[in-house]
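These are the residues of each chain, in order.
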Amino acid sequence: MNQKNILPLYEIFIRSKRGLDHKHVGSLHAENSEQALEYARDVYTRRSEGVSIWVVLASDITASQEEDASSFYDPSDDKPYRHAMHYVLPEPINNM
Amino acid sequence: MTHFELSDAELEQRFQQRIDDEQKIEPKDWMPAAYRKNLIRQISQHAHSEVIGMQPEGNWLSRAPTLQRKMILLAKVQDEGGHGLYLYSAAETLGASREEMVDALHEGRAKYASIFNYPTLTWADIGTIGWLVDGAAIVNQISLQRTSYGPYARAMVRICKEESFHQRQGYESLIALVNGSDEQKAMAQDALNRWWWPSLMMFGPHDADSAHSGQSMKWKIKRKSNDSLRQDFVDQTVPQADFLGLHIPDEELKWNEERGHYDFGEIDWEEFARVVNGDGMCNRDRVRHHKKAQDDGAWVRDALRAYEQKKRANAEKAA
Amino acid sequence: MNEAIKTEQSALLNFVLAEADDALILGQRLIEWCYSAPYLEEDLAISNVCLDYLGRANNFYEYASELDTRKRSADQLAMLRDSREFSNLLIHELPIGDFAFTMARQFVLDVFYVEYLAVLMDSTDDRIAGIAAKSAKECDYHLRRSREWILRLGDGTEESHTRLQNGLNELWGYIPELFMQSEAEKQLMAQGVCADRAALQPAWDACVNEVLEQATLTRPDVSWKVSGGREGIHTETHGYLLADMQFLQRAYPGQQW
Chain A
21 MNQKNILPLY EIFIRSKRGL DHKHVGSLHA ENSEQALEYA RDVYTRRSEG VSIWVVLASD
81 ITASQEEDAS SFYDPSDDKP YRHAMHYVLP EPINNM
Chain B
3 MTHFELSDAE LEQRFQQRID DEQKIEPKDW MPAAYRKNLI RQISQHAHSE VIGMQPEGNW
63 LSRAPTLQRK MILLAKVQDE GGHGLYLYSA AETLGASREE MVDALHEGRA KYASIFNYPT
123 LTWADIGTIG WLVDGAAIVN QISLQRTSYG PYARAMVRIC KEESFHQRQG YESLIALVNG
183 SDEQKAMAQD ALNRWWWPSL MMFGPHDADS AHSGQSMKWK IKRKSNDSLR QDFVDQTVPQ
243 ADFLGLHIPD EELKWNEERG HYDFGEIDWE EFARVVNGDG MCNRDRVRHH KKAQDDGAWV
303 RDALRAYEQK KRANAEKAA
Chain C
1405 MNEAIKTEQS ALLNFVLAEA DDALILGQRL IEWCYSAPYL EEDLAISNVC LDYLGRANNF
1465 YEYASELDTR KRSADQLAML RDSREFSNLL IHELPIGDFA FTMARQFVLD VFYVEYLAVL
1525 MDSTDDRIAG IAAKSAKECD YHLRRSREWI LRLGDGTEES HTRLQNGLNE LWGYIPELFM
1585 QSEAEKQLMA QGVCADRAAL QPAWDACVNE VLEQATLTRP DVSWKVSGGR EGIHTETHGY
1645 LLADMQFLQR AYPGQQW
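Just so you know, the sequences run in chain order A, B and C. Taken in order, the first sequence gives residues 21 to 116; the numbers are from this note's numbering. Taken in order, the second sequence gives residues 3 to 321; the numbers are from this note's numbering. Taken in order, the third sequence gives residues 1405 to 1661; the numbers are from this note's numbering.
Chain A extracted, bound-state conformation (with noise of 0.2 Å):
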């Protein structure tokens, strides 16, 4: 397949319920976002997953990189009082 017939890759986000977030469920190929919406229908929804739907282009997707890793989580390691886990309580109310 020549390279021209290459259709963009866009990324699909559902929102399975009302009151939930999206949430990445996978990619496909179309020629524009619209195109992307229907089939992101007939392929992530088949069986009424979502009440709402996002596609993004996957290139306009900008992610941390591996190697920027520490910089950006590593500084929240030494906040461990930012966690629920962080406080110990007794047995009867620790489901709080």
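Calculated from the structure, these hints are not laboratory results. Nothing here was measured: the structure is a model prediction, and the numbers come from that model. Be careful, since some hints might not be right.
Some chain C residues flagged as far from chain B (calculated, every beta-carbon gap over 12 Å) [said to hold, decoys possible]:
(1) Ala-1441
(2) Leu-1547
(3) Ser-1586
(4) Glu-1589
(5) Lys-1590
(6) Gly-1596
(7) Cys-1611
(8) Thr-1622
(9) Glu-1635
Some chain A residues close to chain C (C-beta under 10 Å, calculated; not the full set) [to be verified]:
(10) Leu-27
(11) Leu-48
(12) Arg-61
(13) Asp-62
(14) Glu-111
Ideal placement from N, C-alpha and C gives every residue a C-beta, glycine not left out.
Please arrange chains B and C on chain A, whose structure you already have, making use of the hints.
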């Protein structure tokens, strides 16, 4: 600390540590080139199998005996296409394009499950494929839900959820046949006779002879060995065959009390090699059909692109 | 047959069967794309459309089965009637052709069915109204899809434009039949059971003309037109379609599947 300061050996050690800790590897993580290559090979092969698998079953879509069976089969074949798409999507996170993968399929560099090189000759083949082929695939895919590469594992979770209906519809349609006329029963038995051994072959060579197994297990791309998955499949399938009153075509098949498993006969590995290497009934047809659909669709994809470009140009002019 | 059998059947059964036949025969044709479309995403999309048509057929056959004094099941109606007894309009049975022809057919039918089902939803027959309401929702999506394809292919490349124009030209003489009232429909009109097909033509023309113009296509001006589907007079491909579709029920009569 950045990875520029780490040697490949140190990176690889961290990578392996992550795997040993049961953490998932994600697309942007550092990974050994061989891990990436191995995954692309396995995931694309898996994707091709789903897509090529649409053909033998699709072969009976126009002839399905009832309206319900026709709709069920179409929904199933459509699902296979969807699963192929989820898997291509997972492989694309590794930097392989779908076009490259499909080219490899057309040029014979990439394989797909050999079982789809057998012809579907009667309606009973459709039920039997659902029961055995999807059954075998599910055994494999359940273990792959825990594979170390995140996008592959997530695709597997999704696929497993959808596939449960595939095996059940196949088995249900066989129940109708074995409760039917003598001809229908004979049709079901004949299908089992033809599909049993190829189904066992789906799990691949013995562990000792499997080219990629050792490293794949260490990297947790594969979670269970070929032989152990095959044993799981036999153990779960024999009682299902008994329930149907069908005879599995293996005279050595018997329950081994001591092992707690069924013993079964040896696969005809010569036939396995023959079909893998292209001498199956349908190898050429399957790839030819896939390529023809691609080639016939080239003008459609060209038109899409041209139309989109015109639209953008007009929008820019207007702006 | 079949004039004898047909007059025996009620007008309502004839009407419901015709609706079922239209949907089944088109669904049977669309099946051929399910692993042969221009790319994988389209395989899935076109299969969804196909499933909608098969579902619509099934709903109408179930109702027809209840109306049938000969107590034939939905499957018997679909799988055991011969070509002369099938009353689908010819446009549904034409072979799929290339992707342009298929999309041209989907488009002209989708425009028709969006209008048609909107009327049928108000049928005085609750069962018909219910099936039409369900199908109408599906059809809105079908039209959105096929309309986009007409624009893309019409205003895409020279090749796609030519193919689509040829497809429309090939199709055009089968369209007048969509707007012809069958004998059954003439009988049922007074009770408000069915739609006045001829009355749908202006809306159809307006929508089709607009899209064709936007897609840089020419509305075909052909002098030929054929009809006969409702009377069981079909193209020669129809018999092959049935032979294929009905093979199992014919080869193994009376079995459960």
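Against which earlier hints does the structure fall short, listed by number upward?
Numbers 1, 14, in rising order.
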